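Novice: For reference, the chains in residue letters:
Protein chains: 2
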Amino acid sequence: MGEATIYKDGDLELRGIVERPREPNGRAILVVHEAPGLGDNARRRTSLLAELGYVALAADLYGGGRTYGGSEATQQMDALRADPAVLRRRVSAGLDALTELAGVPPEQCAAVGYCFGGLAVLELARGGAPVAGIVSFHGLLRSSAPAKKGEVRARILACTGAKDPLVPLEDVTAFQEEMDAAAADWQLIVYGRALHSFTNRNVAGGADPRMDYDPSADRQSWAAALLFLEETFSA
Amino acid sequence: MGEATIYKDGDLELRGIVERPREPNGRAILVVHEAPGLGDNARRRTSLLAELGYVALAADLYGGGRTYGGSEATQQMDALRADPAVLRRRVSAGLDALTELAGVPPEQCAAVGYCFGGLAVLELARGGAPVAGIVSFHGLLRSSAPAKKGEVRARILACTGAKDPLVPLEDVTAFQEEMDAAAADWQLIVYGRALHSFTNRNVAGGADPRMDYDPSADRQSWAAALLFLEETFSA
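For the protein sequence lines, the chains are A and B, in the order given.
Each residue of the first sequence is one higher than the one before, counting from 11 in the numbering used here.
Each residue of the second sequence is one higher than the one before, counting from 11 in the numbering used here.
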């Protein structure tokens, strides 16, 4: 069920969880958590990816594997969002840990993220990380440090819900403009009826009207991501 | 290799091609051609769908199965585009033929279309046709008769290329607004580097710089469409 692994960003100790496949396919994937920190959804995806042959590391962006509720989670997220350079370094630390754990170069790695993690992996791409692919699920699409032309090296897939109040249509449109201007290799999927957190079973019927699990969008986005990753690694 | 079938829209004789599966799955799909008329791409998709168990009919929007080149094709397309009511009736005639050939109600049917056909099947959805699903591949997304709230009954998947000069970003954004305002059940996939006609092998390296075959966008959009259809019919 995964093994805790400690890695560092400067002096900060981060506590991720690594899952190793029975039959490794030579590729590795970083999984980045939502605003509350490393929890069930990221762990579940990490297991699923390991079952498919990927060495998978559930990253920790906060330190000590700590998780937060409500406004504390938002504060933690906002502190990192406010400085894209720090956020990129924090995610890169996870990528470095992954390449070491898996014994593969970053070119044989991808990163997938959810909500805040979706933003975080996009920042990794914007920063020019040499990973093969990036998948963002209901991630925030707007950055204070947009991608510059020619600097994005990873292929990008972003999956978003049209009813996600955290990702309004203007951000979806701006993302397309940003990626196009950056000459990135990108894809976008919009699920018309999906709210925020559509991949997360734990929020189903939750109290927060901004988010809900959407089985169809979850199933289709996961299938799209797996095909995208497979194709990206085979290219 | 398919069988020619004659059906009518009023007095106009249309000449489609039907493909029957060895093991019918009880569902049927209408395939609608590009501006030049019923050609290789639509035929190929019709065969592929029949292999999967669908009764599939390659529709004819022009009459007599006629095909056109260059500006004549554009004229034929524009004549139908100019009157959404006529276009919807023309596509509906194909749907009626399909339900009869397959012996299934429209609720067990879907329609997929390419380029002009992609627009045509979206018009079918906008007109409230009781089909289960609609898939538009590099179809024109703008209509002179936008969908009205509550009138779209089909689930919709639209796949488009960000580099398609016939479908600029403003049309992609307007489509999302239209579908959302109509309260439709819709999805949109944007392939960042794809030009027009990205599913069509025959245009690869063609003389027209607006269009080109894109193997990745073709593979991924086809997989997305098949999953979408399967899920739509199982709902």
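Source of the hints: derived by calculation from the structure; they are not laboratory data.
Here the structure is a predicted model, which means the values were calculated and not measured.
From the three backbone atoms N, C-alpha and C, an ideal C-beta is built for every residue, glycine too.
The reader is advised that the hints may include incorrect statements.
Computed far set for chain B versus chain A, every beta-carbon distance over 10 Å [unchecked claim]:
hint : residue
1    : N35
2    : A172
3    : P175
4    : A233
5    : A234
Here are some chain B residues pointing at chain A (derived, C-beta under 8 Å) [stated by the list, open to error]:
hint : residue
6    : D50
7    : R53
8    : S57
9    : L58
10   : L62
11   : E187
12   : D190
13   : A194
14   : D195
15   : V200
16   : G202
17   : L237
18   : F238
A few chain B residues that don't get close to chain A, going by computed Cβ distances all over 10 Å [claimed, not checked]:
hint : residue
19   : T15
20   : R99
21   : S153
22   : T183
23   : Y201
Novice: Confirm or reject each hint.
Specialist: Do the hints match the structure? See the list:
1. The claim that B/N35 is not at the interface with chain A holds, since no C-beta of that chain comes within 10 Å of its own (minimum 19 Å).
2. With a least beta-carbon separation of about 6 Å from chain A, B/A172 fails to lie farther than 10 Å from that chain, contradicting its non-interface assignment.
3. Against the 10 Å criterion, B/P175 stays outside the reach of chain A, whose nearest CB is about 13 Å from its own CB.
4. Once the 10 Å rule is applied to beta carbons, B/A233 is inconsistent with being away from chain A; the minimum gap is 6 Å.
5. Once the 10 Å rule is applied to beta carbons, B/A234 is inconsistent with being away from chain A; the minimum gap is 6 Å.
6. Given hint, B/D50 at the interface with chain A, is violated; its Cβ is 25 Å from that chain's nearest Cβ, farther than 8 Å.
7. Hint status for B/R53: violated, given a least beta-carbon distance of 25 Å to chain A, over 8 Å.
8. Hint status for B/S57 relative to chain A: violated, with the closest Cβ pair at about 22 Å, above 8 Å.
9. For the restraint placing B/L58 at the interface with chain A, the shortest Cβ-Cβ distance is roughly 17 Å, beyond the 8 Å limit, so the hint is violated.
10. Interface hint status for B/L62: violated, as the beta-carbon distance to the closest one in chain A is roughly 16 Å, over 8 Å.
11. A hinted interface residue such as B/E187 counts as satisfied when its beta carbon comes closer than 8 Å to some beta carbon of chain A; here the least separation is about 7 Å, so the hint holds.
12. Against a cut-off of 8 Å between C-beta atoms, the interface hint on B/D190 holds, since the closest Cβ of chain A lies about 6 Å away.
13. Taken as an interface hint, B/A194 checks out: its beta carbon lies about 6 Å from the nearest beta carbon of chain A, inside 8 Å.
14. Annotation: interface hint on B/D195 holds; nearest CB of chain A at approximately 6 Å, less than 8 Å.
15. Because the beta carbon of B/V200 sits about 4 Å from the nearest beta carbon in chain A, less than 8 Å, this interface hint is met.
16. Interface hint status for B/G202: upheld, as the beta-carbon distance to the closest one in chain A is roughly 4 Å, under 8 Å.
17. Among the interface hints, the one on B/L237 holds; its C-beta lies about 6 Å from the nearest C-beta in chain A, closer than the 8 Å criterion.
18. For B/F238, the suggested interface contact is upheld, since its CB lies about 7 Å from the closest CB of chain A, less than 8 Å.
19. Under the 10 Å C-beta cut-off, the non-interface status given to B/T15 relative to chain A holds; the minimum distance is some 33 Å.
20. The claim that B/R99 lies off the interface holds: its Cβ sits roughly 27 Å from the closest Cβ of chain A, which is beyond the 10 Å cut-off.
21. Listed as a non-interface residue, B/S153 keeps its Cβ farther than 10 Å from every Cβ of chain A; the least gap is roughly 17 Å.
22. In this structure B/T183 is not separated from chain A by more than 10 Å, as the shortest Cβ-Cβ distance comes to only about 5 Å.
23. The beta carbon of B/Y201 sits about 6 Å from the closest Cβ of chain A, which is not more than 10 Å, so the claim that it is off the interface is violated.
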